[in-house]
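There are 4 protein chains.
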Amino acid sequence: MRRVARVDLNCDAGEGWGSWRMGDDEALLDVVTTVNIACGLHAGDPLIMARTVRLAAARGVGVGAHPGPNDLWGFGRRDLTGEPVEDLATLVSYQVGALQAVARQQGASVTSVKLHGSLSSRAAVDAVLAAAVARTIKKVDESLIWLVPAGSAMVDAAADEGLTSASEVFADRAYDDAGNLAPRSMPGAVIEDPMRCAERAVQMVLSGAIESTSGRSIPLRADSVCVHSDTRNAVSAARAVRAALEAVGVEIAPLSLVVG
Amino acid sequence: MRRVARVDLNCDAGEGWGSWRMGDDEALLDVVTTVNIACGLHAGDPLIMARTVRLAAARGVGVGAHPGPNDLWGFGRRDLTGEPVEDLATLVSYQVGALQAVARQQGASVTSVKLHGSLSSRAAVDAVLAAAVARTIKKVDESLIWLVPAGSAMVDAAADEGLTSASEVFADRAYDDAGNLAPRSMPGAVIEDPMRCAERAVQMVLSGAIESTSGRSIPLRADSVCVHSDTRNAVSAARAVRAALEAVGVEIAPLSLVVG
Amino acid sequence: MRRVARVDLNCDAGEGWGSWRMGDDEALLDVVTTVNIACGLHAGDPLIMARTVRLAAARGVGVGAHPGPNDLWGFGRRDLTGEPVEDLATLVSYQVGALQAVARQQGASVTSVKLHGSLSSRAAVDAVLAAAVARTIKKVDESLIWLVPAGSAMVDAAADEGLTSASEVFADRAYDDAGNLAPRSMPGAVIEDPMRCAERAVQMVLSGAIESTSGRSIPLRADSVCVHSDTRNAVSAARAVRAALEAVGVEIAPLSLVVG
Amino acid sequence: MRRVARVDLNCDAGEGWGSWRMGDDEALLDVVTTVNIACGLHAGDPLIMARTVRLAAARGVGVGAHPGPNDLWGFGRRDLTGEPVEDLATLVSYQVGALQAVARQQGASVTSVKLHGSLSSRAAVDAVLAAAVARTIKKVDESLIWLVPAGSAMVDAAADEGLTSASEVFADRAYDDAGNLAPRSMPGAVIEDPMRCAERAVQMVLSGAIESTSGRSIPLRADSVCVHSDTRNAVSAARAVRAALEAVGVEIAPLSLVVG
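Protein chains in written order, with our numbering: chain A, 3 to 262; chain B, 3 to 262; chain C, 3 to 262; chain D, 3 to 262.
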C-alpha cells in the first residue's frame, strides 16, 4: 500500500458569466486548497475571475486557471474535435495569461492550470494535443503546475516537456477499467452521495488505486482530489471528503506543497 | 517650433472575430512600427491574436495590446458609461494578460497598451477611470508603455502613477479647440484623403501642434501617429503618412525607441 | 374609488442562457397568469424558450415575449442609449417572431409583448422609440397585447397606433412622484418583503393609485401586477400578492381576459 | 434527357455580424432569385437581416431563412453532432420565426428555408434529424418551401411530412459517387473558376445529372442552383452561371414559381 502524507483538494469555481452564477463558490472555497477558475471562453468573465481570485486569496487557496474550449453556450462541453491542435493550445495560452494578469491586479498569482470540458476529454487521450498544451504552458510560464487526470496522456506529455504535473482523481465520478472517467451519460457515472465520495477519496489517496465500474482495482496516482462544483450536494461532498481524509491522517495542502 | 527626431507610427489590427475579418492587416503592418492588437472582448480572438503577433514579429513591428469594452456586437463603440471604474480596469488587465501569454507562446512580447473605443473615449476625459487603468497596467507589468491620446486625462494619470506613456495624434481625425477628437458623426471628422492625412501628420510631428476645426493652433505632443485601419484608403493613408514623414527627415521607430 | 374586477399577474421567466439558470420558473409559473419569456438577446435561448413555453402551456399561463437590448453579458441592463430607434424596433420584431415560432412548434401561441431592461426604461420616456416599437409590434402581429408600464410613453404610443395595451404596475418597486420607477440603485427602490409587496398590489389594484416615495398618491392604471423573478423571495412575494388580491375579491386572469 | 424550363438561382447573404461583413451582398442579389439569409445564431443579426430583406425586396428576390447551429464563433461549421435532434429543430423554429417577423416589419415575407453548415451536413444524412426539421418547419408555417440538397435525406423527410421541398445543386462544389458534396478539405472540392461553375450548372439543369469526382454520372434533381457567397469570385461565378443558363434557354425564376 502506497502511503500519501499530503494531498490537495481542488474544485472548479467562478463558472458564472455576466449576470449568471453557478455553484456556491464561497462555501466550496472554505474547503478546498486549489481552485480552478474559468477564464472567459466557456464560463467566467473578467469580473467574476477577479472576484474569485479575491475569495481564494482571502482563504489561502491556490489559484489555478481552468481554460476551456471557445464555447460559452455549450459550457465547453460540446465536442469540437475538428479544431486544430495548435489552435486549441492558443486558447490555453490566452486564458492562462488573462487570469495571470487579473490575479496580479488583485495582488495574487496563478500556480496551476487544469483543462476544462471537452478540451480536457480530448487531451486526456490525444497525445498530440497533450504535447501541444504542455509546450504552451511551459512557454507561458514554466513554473506553472499542470493539474491533469491521473493516468491520462497529459501525464506523459508533461513529463516529456519537463513541466511539473499533479495527478488528480475524482471522488464523485466512476472510472472504467482503463482508468478513464465513465461518460456522464452513463447511469452511475456521477456519484452524488457525499459519504460515498468521501470513502472513494480516502481509498484513492491511501491505496493509490480505485475500484472500476466492473469491480477491478485500477492504480491511480492521487496528488489532488477533485470535487465538482456543479454536482448536487457539491459543498456537502467537499466537506465530507476533506473530513474523511483528515480523519485518516492525510494532510490537506495546496498543490505547490504536494508536488512543488 | 519643437523638433522631433523620431516618431512611432501605429495602427489597430487583428480586428476580426471567428470567421470575420476587418482591414488589410498584412499591408498595414508593412508600414507601421507599432500594432494595437484587439484582445477578444470587442474584436479579436485568440487565433487571430496569435496570427497578428506573428505578422508583427516577422516585420519587427512592436506588439501592443488594444483592450476594449466587453461588447463584441457593438465593436466596443457603444457607450457603456454606467459601468464601474474598477470593473473597466479589470477588463484591461484581462485583455493585456491574454495577449502577453499569446505573444510569449509565439516567442514575442507586448510593449504597449492602448485603449479602444468607448473605453478610450471615457478614459480620455474621466480622470478616475484613467487613474484606475494606469494603476492596473502598472500592476500587470510596469514596463508597459501606455499609448494615450495626446492631451487627454490619461497623460496625467500615467505621470501620477509613474507609468511611461506615449502621446498619440490622429492623422485622419479632426480636432476641436480643446484638443479632443471631433465625434465621428460630425461631417469632416474622419479624413479619408491620404494626402491630407500625410500633411496633417507632418504638421503635428514637426510643429507639435494641430489646426482645429475652427482654425486655431492646438499644441499636441506627438510620440506616435495613428492611422485607423478601418478608414477607407487605410493602407494608402498609412503609406502616405510614412513617406511624408520620412521625406522631411523624421525617423520612424517603434514606441520603445521613442519614449523608452 | 375605481373598482377592478380582474387583474393579470405577470413575471419574467426563461432568463437562463446555455448552462446557466436564473430564478425558480416552475414555482413562479404556478402563481402567475402571464409569463414574459426572454428571447435570446439579453437572456434566454431557443431551448430555454421552448421549455418555458411548455411550462406555461401546461399551466394555462399566457405566453408573452420579453424582448431586450442585444447585450447578453449586461443582461440587457446596460444603458445603450446611442442606438437608433429603428434598430431597436428591429430587435423587437426579431425576438417576438422567434418566440412566436418556438411557441407554434410547441402547439402554443404568443399573446403579449413586454420590453426588458434598458430598452423598456428608454421606451418609457422616449416617445419616438415607443412609437417605433408600437408600429413594429403591429406589423408583426396586430393581435398582440403590449404590456407596458402604467403611465409611460408606451401607453400613448399604443393608443396612437391602435394597438391594444395593458398597463402594469410593480408590487416590488418604489415609484417617484411622476409615476416612474425609482432607480434600482436608490435605497428602498426594490421591496423584498412579500407582505409589503402584497399590500401594495392590493392598494394599486383597488384604488388605481400608488403612494410614491415622497408619500403622494399617484394614479396608476393596473391591468397587470408584475412580480420580478430575480428578487430575493420572488416566489413568496408572488404567492403573497396573489393570495392578498384573491382575499379582497379580485379575480386573477390572463391578460387576454383583462384587456382583450 | 430531362428538360427543365425553369430553375431558381440561390445564394447565402447577410452573413455579417455586428460590425463585420462577409461577401458582396448587393452584387449577388442582382443575380440570384432566392437569397438565404443568416438568422443570428451562426451569422447575421437583426439589423443585417432587416437590411438584407430590404435588398431582396427591392430586387424581387425571394426571401429565404438560413438557420444554422448555435455557434457564432465557428460560423456554424464546427461539428456539434452530440446535440439532441429536438434541440436542433428548436434552433430552426427560432431562426425561421425571427426572420419572418423581421421580414413582416419590412413589408416582405419568407418563402423558403435552407439549413446552414454542420446542421445541413448532418440533416443530409441523418433521417431522424431531417424528419424533426421537416415537422418543425411545417408547424411554424406549412407554406414554406424547404430548399434541400438534391438526393439528401431531407428530400424524403419533406415528402413524408407533406412539406414542399426544392432540390438544390451546387455549381461550385464537387460531388462524390453517392451524390454527396466532397468535403471542403479535399483538393478540388471547391470550384473557383466561374466558367467551370457555369458549365456544371448548365449540365446539371439540362441533364438532371452531374459528373462525380470519379467520373461517373450521378442523377440529381435541380430546382435551384446554389452559388456560394464566400467563394473567391462569387459574384463573377453567379453572373456566369446565370448567363450560361439563360443562353441555353433556361428561365431563371424564384423558387415559388419553380416548385410552388
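Everything labelled a hint here was simulated from the structure, so no lab data went into it.
None of these values were measured; they are calculated from a predicted model.
Do not rely on the hints blindly, as some may be mistaken.
Each pair of labels, with its calculated beta carbon distance range [claimed, not checked]:
#1 A/Thr215 <-> D/Ala29: 37 to 43 angstroms
#2 A/Pro185 <-> C/Glu201: 48 to 54 angstroms
#3 A/Ala245 <-> D/Ala191: 45 to 51 angstroms
#4 B/Val130 <-> A/Gly251: 38 to 44 angstroms
#5 C/Asp32 <-> D/Gly84: 30 to 36 angstroms
#6 D/Val87 <-> C/Ala245: 41 to 47 angstroms
#7 D/Ala184 <-> A/Ala161: 55 to 61 angstroms
#8 C/Ala245 <-> A/Pro189: 55 to 61 angstroms
#9 C/Ser187 <-> A/Gly109: 47 to 53 angstroms
#10 A/Thr215 <-> D/Val87: 54 to 60 angstroms
#11 A/Gly164 <-> D/Ser216: 36 to 42 angstroms
#12 D/Gly164 <-> B/Ala191: 45 to 51 angstroms
Each residue gets a CB set at the ideal place from its N, CA and C atoms; glycine is no exception.
(request) May I ask which of the numbered hints given earlier this structure violates, with the numbers listed in increasing order? (result) 1, 3, 4, 7, 8, 9, 10, 11, 12
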